[in-house]
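Chain A is already provided as a structure; the job is to place chain B on it using the hints.
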Amino acid sequence: MLDVTGISKTFNPGQETEVRALVDATLTVPTGSWTIVIGGNGSGKSSLLNAVAGSFMVDSGSIAIDGTDVTRLPQWRRATLVGRVFQDPFAGTSPALTVAENLALAARRGLFRGLGPLLRSRDRVGFRDRVASLGLGLENRMDQVIGSLSGGQRQSLTLLMATLRTPALLLLDEHTAALDPKSAELVIAATRRLIDANRLTALMVTHSMQQAADLGDRLVVMHRGGVERVYEGAAKSRLRPDQLTELFAELRMQDRIDTATAGMLAEAYIEAR
Amino acid sequence: MSILLSSLGLGLVLALLAVGIFISFRVLRFADVTVDGSFALGGAAAAATIAAGGDPWLATAVGLLAGAAAGAVTGALHVLLRIDGLLSGIIVMTALYSVNLRVMGRSNIPLVDQPTVVRLPQRILERLAGGEQAEWFGRSVSMSDAAVFVVGLFVVSVAAVLLRLFLATNLGGAMRATGDNPTMMQSLGVPTGAVLTLGLALANALAGAAGAMFAQAVGFADAQMGVGILVTGLASVIIGENLVGRSSLGVSLTAVVLGSVIFRLLVAIALRVGLDPNDLKLITAVFVAAALALPRLLGRKGVGRA
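As you go down the protein sequences, you meet chains A and B in turn. For what it's worth, the working numbering labels the leading residue of the first sequence as 1, then goes sequentially. For what it's worth, the working numbering labels the leading residue of the second sequence as 1001, then goes sequentially.
The shape of chain A in the complex, shown without the other chains (with noise of 0.2 Å):
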């Protein structure tokens, strides 16, 4: 389904704030598989969701969805594939239209728009259902415009617009990060719902440890732009937080004794001459 080969970033190149944001970095996601990706901060995770979506196009490396190579492409033309939903749960909805009238936007993803009426009413029943489904009482509010809704109900409902339209890959970039704790587990339970009832393919870069072990049937983790590690099937359903956490300290561990292993040879071979 997608197919990410060897892709590199770096931003800023050749100035003081370069950053390699992704290097090598190789990762497929089988259809139907919903796959977690972790890592640090600075591990790439977020990039590597930002390259998928067409945030900004790679340096080197392919990236194809479903089949089709998407790596030159906008976007918005990816479009027609990805459903997003962003970790500012501001992001994915337009605050000063009516909550009909963002699932309308939604429902025609990746389509052409004409001059066709934006909100038929023969669609408002369907939407209806659909806000129905997430339990927030927000069926009543259709007519209300998006910004007066909060941060948890927006997210939900930029999730449900993000698949209104069965995406070929779902992309969900630690879309409860920015939540309170009650929001995000709504959120994480309309996730899960939405995936199982549509049989999504879905990447999900997640910072919790929880999520991490709990959802998802795949579990890739991110480290130095790159893919570090990746579990599956039985290796995955065992996989218990704490486990998370050792990895973590770890690579941490391993950071630090490269950067000091660098500083050692920069000492002997560098400044000695």
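Hints in this document: simulated from the structure, not taken from any laboratory. There could be a bad hint or two in this list.
[What the hints assert, rightly or not] Some but not every residue of chain A turned toward chain B, in silico, with C-beta under 7 Å:
hint, residue
1, Ala79
2, Leu105
3, Ala106
4, Arg113
5, Gly116
Backbone N, C-alpha and C fix where the C-beta goes; we use that ideal spot for every residue, glycine too.
Quick look at chain B alone, frame taken from chain A:
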């Protein structure tokens, strides 16, 4: 009465411009200063067309299309060449000053003895009234002012209704959401740069049409006619939104049209009680600055958005 009617008429003609500014500043949230140039371009193109023997309605359409082209250039500078939005508008506005002189071949074209969109309704009204002036409500009214009012009301009503319908289509909805949240719209498959450019073309088309009609209503086109017109239009938008409201798109559009008319009336009254016309732009600018700053100073949100 005559001064009242003439301000109402010009207010309606300039409401086209205010609706254009509403599109760029409110719908697209793009501070587009191209309108100073595209308003004059519309007037220049229409006057040149009429002077060359063209039909006045055709001339108005030429002004509209010229304005649309100017807006599209601003959009292209911003979207394709990544030039700052405000600067893109300033660049096009500056370039248009020369373009307008080229279009007209001189710094102004009088239209006094030419056919204009006002001419036919004026003839009809004169026939009905039996002369160039008529007694309405005990006051003498000029039929040429009445004609501007009728034509202005017709054109701005058609434009506002069409725009209201457009903003409720798939494309129009995508345009509103693009101004609101471009990141989201890209993730929903919308080429936001193209939509923004289309919106700027639409906004400046209205400015061009306003310039074309304004030149025909006042009887001349001038290279300077667009100077400061953006701030004037913005004042109309602010007045309308605060006096009428903006609870829905329809209300907002009506508010903008009424705002333009009210602004013209205020100007007419101010001039009547002895305001020096040279001070008009200063007073308008101070008004707009105050309207934008006051809500912040008073700790209220929403009123002075620009």
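To see whether the hints hold, each was checked on the structure:
1. Ala79: Holds, because the Cβ-Cβ distance from alanine 79/A to chain B comes to roughly 3 Å (cut-off 7 Å).
2. Leu105: holds (6 Å)
3. Ala106: holds (6 Å)
4. Arg113: Nearest chain B Cβ about 4 Å off; hint holds.
5. Gly116: holds (5 Å)
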